[in-house]
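Visitor: The lines below spell out each chain.
Protein chains: 2
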Amino acid sequence: MSANSHFTTEAAGTPTAKGRFVQVSTVPPVEFLPGLEFRPVLGEKTLTNFVRFAPYTEAPMHVHEEEQIVVVLDGEFDFEINGDVRTMRPGDVAVVPSWVPHGARTKETNCYEVDVFTPPRRTLLEHAAATAAAQESAEQSPS
Amino acid sequence: MSANSHFTTEAAGTPTAKGRFVQVSTVPPVEFLPGLEFRPVLGEKTLTNFVRFAPYTEAPMHVHEEEQIVVVLDGEFDFEINGDVRTMRPGDVAVVPSWVPHGARTKETNCYEVDVFTPPRRTLLEHAAATAAAQESAEQSPS
Numbered sequence: 001m002s003a004n005s006h007f008t009t010e011a012a013g014t015p016t017a018k019g020r021f022v023q024v025s026t027v028p029p030v031e032f033l034p035g036l037e038f039r040p041v042l043g044e045k046t047l048t049n050f051v052r053f054a055p056y057t058e059a060p061m062h063v064h065e066e067e068q069i070v071v072v073l074d075g076e077f078d079f080e081i082n083g084d085v086r087t088m089r090p091g092d093v094a095v096v097p098s099w100v101p102h103g104a105r106t107k108e109t110n111c112y113e114v115d116v117f118t119p120p121r122r123t124l125l126e127h128a129a130a131t132a133a134a135q136e137s138a139e140q141s142p143s
Numbered sequence: 001m002s003a004n005s006h007f008t009t010e011a012a013g014t015p016t017a018k019g020r021f022v023q024v025s026t027v028p029p030v031e032f033l034p035g036l037e038f039r040p041v042l043g044e045k046t047l048t049n050f051v052r053f054a055p056y057t058e059a060p061m062h063v064h065e066e067e068q069i070v071v072v073l074d075g076e077f078d079f080e081i082n083g084d085v086r087t088m089r090p091g092d093v094a095v096v097p098s099w100v101p102h103g104a105r106t107k108e109t110n111c112y113e114v115d116v117f118t119p120p121r122r123t124l125l126e127h128a129a130a131t132a133a134a135q136e137s138a139e140q141s142p143s
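If you're matching them up, the sequences are chains A and B in order.
Heads up, the first sequence is in our numbering, so the first residue is 1 and it goes up one at a time.
Heads up, the second sequence is in our numbering, so the first residue is 1 and it goes up one at a time.
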């Protein structure tokens, strides 16, 4: 494997969309549960969801079809994969395949992490669509 | 959108693999170019590649089919998407669709970032396969 083949400029296709830069702090937060803030950044094939847990906050055990990779950015939380609980901190990653039960909870600290969902997690896309429709409806209402 | 539908425990399928925890520091680094260390963590549908740039190191402009989402973890670098150059720091994300030209370079600082590739980037999978084959061959050689 050479740097030349990894960093090739030979395109075998055409761009599927424009690239973009996003400052996560500018993404309006979604709060599905108290103390749990989601800031999703959407690609075409993958959704990255930047998540802040307040202290003593739980994302209850759950399952979904989308693959999830968890990267802790700051603070720590206890993450459970199918009965195996580990305290995760920056430098730790969890890989959660389709339909594997998992959940997380903070103790006395905050946790800031990014969840990578492939394909984009359906419930987050539905929320975004519902929010956009509500905004459009509000803008069309007489004031 | 409710927390109940997002955090459902109703599985409509069976797990496709076991989940796992990874400490990124335990992943052997791959150095495609001097000053550029890759530590890949592979899922089934997505590959996360944890990348350290030394100061004054460049990932030259290039293209590939895989979608890429870039999350800066520490330090900073100048990232270019198709002519648009921004200095990215923690809190900044870049979304690079298929075949969009991009590259990055550090100045006087380090940069530590994670590249999310969907599907897993072919050149990194090939490198991993070649490394595994070389190790197996070395183990089978008479010493």
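Hints are computed from structural coordinates only; laboratory data are not their basis.
Some clues are possibly wrong.
Below are the EDC-like pairs computed for lysine to aspartate or glutamate, each with C-alpha atoms no more than 16 Å apart in a straight line [claimed, not checked]:
#1 A:LYS18 to B:GLU80
#2 B:LYS45 to A:GLU65
#3 A:LYS45 to B:GLU65
#4 B:LYS107 to B:GLU76
#5 B:LYS107 to B:GLU58
#6 B:LYS18 to A:GLU65
#7 A:LYS45 to B:GLU44
#8 B:LYS45 to A:ASP84
#9 B:LYS45 to B:GLU58
#10 B:LYS18 to A:ASP84
#11 A:LYS18 to B:GLU44
#12 A:LYS18 to B:GLU58
#13 A:LYS107 to A:GLU76
#14 B:LYS18 to A:GLU44
Visitor: Give a verdict on every hint.
Guide: For each hint, the structure was consulted:
1. This hinted pair checks out: A:LYS18 and B:GLU80 have alpha carbons roughly 13 Å apart, not beyond 16 Å.
2. A distance of roughly 12 Å separates the Cα atoms of B:LYS45 and A:GLU65; the hinted pair therefore holds under the 16 Å criterion.
3. A threshold of 16 Å between alpha carbons decides the hint, and for A:LYS45 with B:GLU65 the separation of about 12 Å falls inside it, so the pair holds.
4. This hinted pair checks out: B:LYS107 and B:GLU76 have alpha carbons roughly 8 Å apart, not beyond 16 Å.
5. Taking the CA atoms of B:LYS107 and B:GLU58, the gap is about 9 Å. The hint holds against a cut of 16 Å.
6. About 14 Å separates the Cα atoms of B:LYS18 and A:GLU65, which keeps this hinted pair within 16 Å; it holds.
7. Between the alpha carbons of A:LYS45 and B:GLU44 the distance comes to roughly 14 Å, so the proposed pair stays at or under 16 Å and holds.
8. Taken as a hint, the B:LYS45 and A:ASP84 pair is broken in the structure, with Cα atoms around 23 Å apart against an allowance of 16 Å.
9. Taking the CA atoms of B:LYS45 and B:GLU58, the gap is about 28 Å. The hint is violated against a cut of 16 Å.
10. Taken as a hint, the B:LYS18 and A:ASP84 pair is honoured in the structure, with Cα atoms around 11 Å apart against an allowance of 16 Å.
11. Taking the CA atoms of A:LYS18 and B:GLU44, the gap is near 26 Å; set against the 16 Å cutoff, the hint is violated.
12. Our distance criterion of 16 Å between C-alpha atoms is broken by A:LYS18 and B:GLU58, whose separation comes to about 23 Å.
13. Pair hint A:LYS107 plus A:GLU76 holds up; C-alpha atoms about 9 Å apart against a cutoff of 16 Å.
14. A threshold of 16 Å between alpha carbons decides the hint, and for B:LYS18 with A:GLU44 the separation of about 26 Å lies outside it, so the pair is violated.
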